[in-house]
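A.B. asks: Please build the complex by placing chains B, C and D on the supplied structure of chain A, with the hints as guidance.
Residue numbers (the working numbering), protein chains in the order written: chain A, 1 to 366; chain B, 1 to 366; chain C, 1 to 366; chain D, 1 to 366.
Only true hints are included.
Since the list gives no way to pick one copy over another, a pair counts as held whenever it fits inside one copy or between any two copies.
Distance condition first, Cα-Cα at most 27 Å in a straight line; then the derived DSSO-like pairs of lysine-lysine: (1) Lys24 x Lys297; (2) Lys276 x Lys44; (3) Lys297 x Lys44; (4) Lys97 x Lys147.
Because the hints were derived from the structure by calculation, they are not lab data. From a predicted model like this one, the values you see are computed outputs, not experimental measurements.
Number of protein chains: 4
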Amino acid sequence: MTKIPVGILGATGMVGQHYLRLLKDHPWFEVRYVAASPRSAGKKYREAVSGRWHVAGEPGAHVWLLQVEDAGDVSKASAALGRGDCSFVFSALEMGKDETRALEEAYASAGIPVISNASAHRWTDDVPVLIGEVNPDHAGIIPLQQKRRGWDRGFIAVKPNCSIQSYMTPLHALALAGFQAERAVVATMQAVSGAGYPGVPGIDMIDNVIPYIGGEEEKSELEPLKIFGTIEDGVFKNARKPRISAHCSRVPVTDGHLACVSLEFGVKKPSLEEVKEIWASFRGLPQELGLPSAPEKPIIVHEENDRPQPRRDRDAEGGMAAAVGRLRPCNVFDIRFTALSHNTVRGAAGGGILNAELLKYKGYLS
Amino acid sequence: MTKIPVGILGATGMVGQHYLRLLKDHPWFEVRYVAASPRSAGKKYREAVSGRWHVAGEPGAHVWLLQVEDAGDVSKASAALGRGDCSFVFSALEMGKDETRALEEAYASAGIPVISNASAHRWTDDVPVLIGEVNPDHAGIIPLQQKRRGWDRGFIAVKPNCSIQSYMTPLHALALAGFQAERAVVATMQAVSGAGYPGVPGIDMIDNVIPYIGGEEEKSELEPLKIFGTIEDGVFKNARKPRISAHCSRVPVTDGHLACVSLEFGVKKPSLEEVKEIWASFRGLPQELGLPSAPEKPIIVHEENDRPQPRRDRDAEGGMAAAVGRLRPCNVFDIRFTALSHNTVRGAAGGGILNAELLKYKGYLS
Amino acid sequence: MTKIPVGILGATGMVGQHYLRLLKDHPWFEVRYVAASPRSAGKKYREAVSGRWHVAGEPGAHVWLLQVEDAGDVSKASAALGRGDCSFVFSALEMGKDETRALEEAYASAGIPVISNASAHRWTDDVPVLIGEVNPDHAGIIPLQQKRRGWDRGFIAVKPNCSIQSYMTPLHALALAGFQAERAVVATMQAVSGAGYPGVPGIDMIDNVIPYIGGEEEKSELEPLKIFGTIEDGVFKNARKPRISAHCSRVPVTDGHLACVSLEFGVKKPSLEEVKEIWASFRGLPQELGLPSAPEKPIIVHEENDRPQPRRDRDAEGGMAAAVGRLRPCNVFDIRFTALSHNTVRGAAGGGILNAELLKYKGYLS
Amino acid sequence: MTKIPVGILGATGMVGQHYLRLLKDHPWFEVRYVAASPRSAGKKYREAVSGRWHVAGEPGAHVWLLQVEDAGDVSKASAALGRGDCSFVFSALEMGKDETRALEEAYASAGIPVISNASAHRWTDDVPVLIGEVNPDHAGIIPLQQKRRGWDRGFIAVKPNCSIQSYMTPLHALALAGFQAERAVVATMQAVSGAGYPGVPGIDMIDNVIPYIGGEEEKSELEPLKIFGTIEDGVFKNARKPRISAHCSRVPVTDGHLACVSLEFGVKKPSLEEVKEIWASFRGLPQELGLPSAPEKPIIVHEENDRPQPRRDRDAEGGMAAAVGRLRPCNVFDIRFTALSHNTVRGAAGGGILNAELLKYKGYLS
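Here chain A stands alone, though its shape is the one from the complex:
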């Protein structure tokens, strides 16, 4: 099988580097186009990231030699599309919100699908916020999006904020089994890689916790409602449940967002054994399809009382699973537990790649 040529927007940033690392040897996709800020444009990729390649692992050897293009110049990507080097792009742009929104639309309008990590389009009413195991059917809005906007080949699909990744699949699995969470109080302990590079100052992360991450609590409370929502009249309509209260803090951890979750169900409440069984046996569409980046077990259930822990558990299933543990009755709501997700893999580049695999399977990418 010939691999689909893909591009990376924001290829020199931290998320861009993770994309390149994870796409090395990918069975379906091959990176043949890299774009970044004008400062990097014109350089070979190796030179552009010299002294600031921050992630473990490497891109494919040929990527070092690709010439970096200006991500702001869509005509370069159009030309690449024309010559068969860029069938769609992963967007890891780190610009302002309005600029990102306009630029992603320009790529889509030019016939280049955009699979994005950026937050700019998460609240655009015809753009799906996809988690493969939770709402793969939301991809069904893409033809409506294309029609409404007059785009033929291009479209935009995004992924949610990394802070919610650890508990969305667990909540969805329970709802599927008939146990809809009504309310949740969540306190997250988030890794510094979520802030990019240089990100959080070093002195703030020694013998310290920062109990605040700008905008993160709002995203954590609202994005789940769109993801659990429905398509009505060609646009998304939010779900009304669960009502979430999020406390988001930054802790001295490199990778892996941890969440302490208290959950209240409606009239129908599962036993702890039922919850455990539902989580351990849950399989979503990515698992059924055997997508290349899908974790075999999307939810890993820990029985030890001190797990999951970021450093010990974030890399399970290649960093693509949610790990849950400490399931116990809640003294205020019904159940409580701790959940962990690798924020720069499943919560960023890995999540984007799984979305692309799903969209490829559904026929939106070729």
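C.D. replies: Only chains B, C and D this time, still in chain A's reference frame:
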């Protein structure tokens, strides 16, 4: 004024060291008796802690030269009492629960009041769990305790677990103002000093969080009910509110327990401005009396959106205040906020000293 | 090819766990025997490490089900040898020195070769301290060791302390090229995993460095002299150069020992370019033989001025290479540089496995 | 006594904040003038540092209300001098080197003495680099500097780089006693506060060490030669000894630079006991004069084998002393030891204040 001679049980441990540091130059108390395990007994204090004095600061110069006694041998303390060297003891014993309970009773029975940090007697129904600003009236059980047990001079008074110290005074101040919290969901990020020395393994606290602290969640949920309770028929009767759910995690911080709190009130709900005003203006009995270790402001209200932080804020008011910040509406309950308390000062030795000052004022110590 | 069945002594400890992780899917060796302290004996391996499996990755699935034997009972291993389940053992024993020495000799005497990580036999005059790339010829003492001690099949071979691993191959490569280092001043910054588990207390590794590791400086100064030494009259005779001064400190890093090295050569001094070229092109016997665990490049030369760094560079070549960087003239000696080695891979289990591969190639293991 | 009114240039930065904290309640000096970048100019100081007051402690209450002036506008300071609000300035400017040099000269030229932390003038041949205990006589160049430059009241005096502070006084004490160090190899482990704020990225300081600090090794090797030098013909002439080789690394520590030092003496070599005695008994001019910020013991000698440690020992003597420990024979040179200095107190603001106290005593400030 002649200072009251006091003893420290567990004087070589970490909490014992903090007692010695904080009692240096205390206006009312002077350490003249130190006791620890048989291993240390017979040595000069300086020798006993050689290579394991872990805290910043120093004890009074004379303490280095005190001979360490066996804490298990009450007759040594009785003799010290007799010769005017040990009017009462601070207990920072680190033995098993049953052993601690029996030993503290033996001291009290021998006429030596015990002001304890240990958890052994927190659920003894005639032993007060004191927070000076919250339930100073609970000291009123002491004569009943003495009578019931046939003790003349001795008694036992304890302090609560360090994990609740940051939000108890804020909750109490609100209740006093007519805003009784009905339910609370709390997630703590606790410092490693709370586990003593050697405590948490180093490799567990690099690039990691441990989402579990044995017994801590139960203590955090139950102890507030005794503290907010009442004395009936000579014993404590628990309050029924607030119902608390606690998630307790260990984070790479040396000192300072942080708590993310979501609070639900009954019918009467305060505005955010009222909460802020109630906290900022709250003064308890230790403040009215001007006790030597009382923080001037028992609750410090932060307006910046990223405070309180453990390293930057734990030492305010000498480590004796609770710092609160990030007060905002809760998306599930009524309000939410972040609270911080210095676990080895207010949450341990400093809290014990303030209790002793209160009991001295009330005439129970002399 | 049928795999050689091997045993692990100290299989439940941290180094033992790394052995199991690294031997999963090994092309030559298969773990069929695990032994540990009497406390673990009799349990299935999974049960024995429940709640204390600390390393990333997993052993082969069949290992979970192996019954743990008492490492102190050599007859168990003899029986396993007899039934074809334990052809030789990797020793990761964590007992006292004398006890370890005697026990390793008992295994060897029972016909079971011992490839050891323990320090007990490093100064035994007929036991080789092997680094595959540096002194593979030292294996030649094994027949002499066997003859002298009356052992037929068994023998003992050990590896050096993890603190010297990062600079031994670089020093050897230079000496081979004619540039013998005469004197070296070394300051190491060592990871906490080197202290085992629980190891260094957590509070010592937050906002702190411990400028002392018991016994480490002596090992760092003396072991190189044996490794660079020669076999004379059936025993090892130390080299006299280089004279090393080591300062060893513990820093808040999980894995990866870093060393700052200043080097003085004799009359013949290399240019910086020569050094770089010698290191980059160096290949030892493990590389020539293509041993399964041999790094392709035993010395990785970094050009960036802020590398190697523990977290970013320790895993290169599967954690088996030495990384060097910051090569520059020394203001006191001739050259200086920074070197890094993964202490729990190359410096412990991985180094032991490479030694076994070498000894298998040389015909000492079957 | 009326206090001398002083100004702080760069008052909003981290070093500026330390100056303000340390000058609160200073017996001789009172801050009455604060200047910073144009961005802060015109604001009240409290407003200018809102959300970025990083240090523990507070400035004097009146400082919050001072209006911040533009540090680039010397006329503002001249006016303050005129009205008796700024007799001299502490410079904690964080501009480029050339700009700082010119600006400090403009202040001096305007009659305002500059006591500087900046590195800009360290190599100006008539500017003294002062360490009170080491080269107080270098202040004698000030009249020559004033005459040469045509300044009447103004002058410039600076302090050295923070990385050398821990071992300069120990080296000087030995030289005074007749034991001149000829060569030294030094490896430092430096705190992140040395890089200012935001400084080192957080992700670089979790589970990591950065073995490089730009320009730091050169400063560490050269500045001691000027400090140990002499005044000849109105300018400084460098000493020729000791020859130093420095390896400088950044470690996850907030405050406190640690140095591992190997030292070679000339023909006359001290015993370890002599070294210890020389250090423990050393007193410099600041001690003899009893200057307000002078540590009672400028060198604190530790006997425990694992001290000094940054977190436990940096605050001794108010952060103004050098702590030394692990004194032992060197396997390559003569002796070796570990030294510690608080980089933001003695190594920055505290060192500047002590210099000002010395210069006031000598009559250069009024």
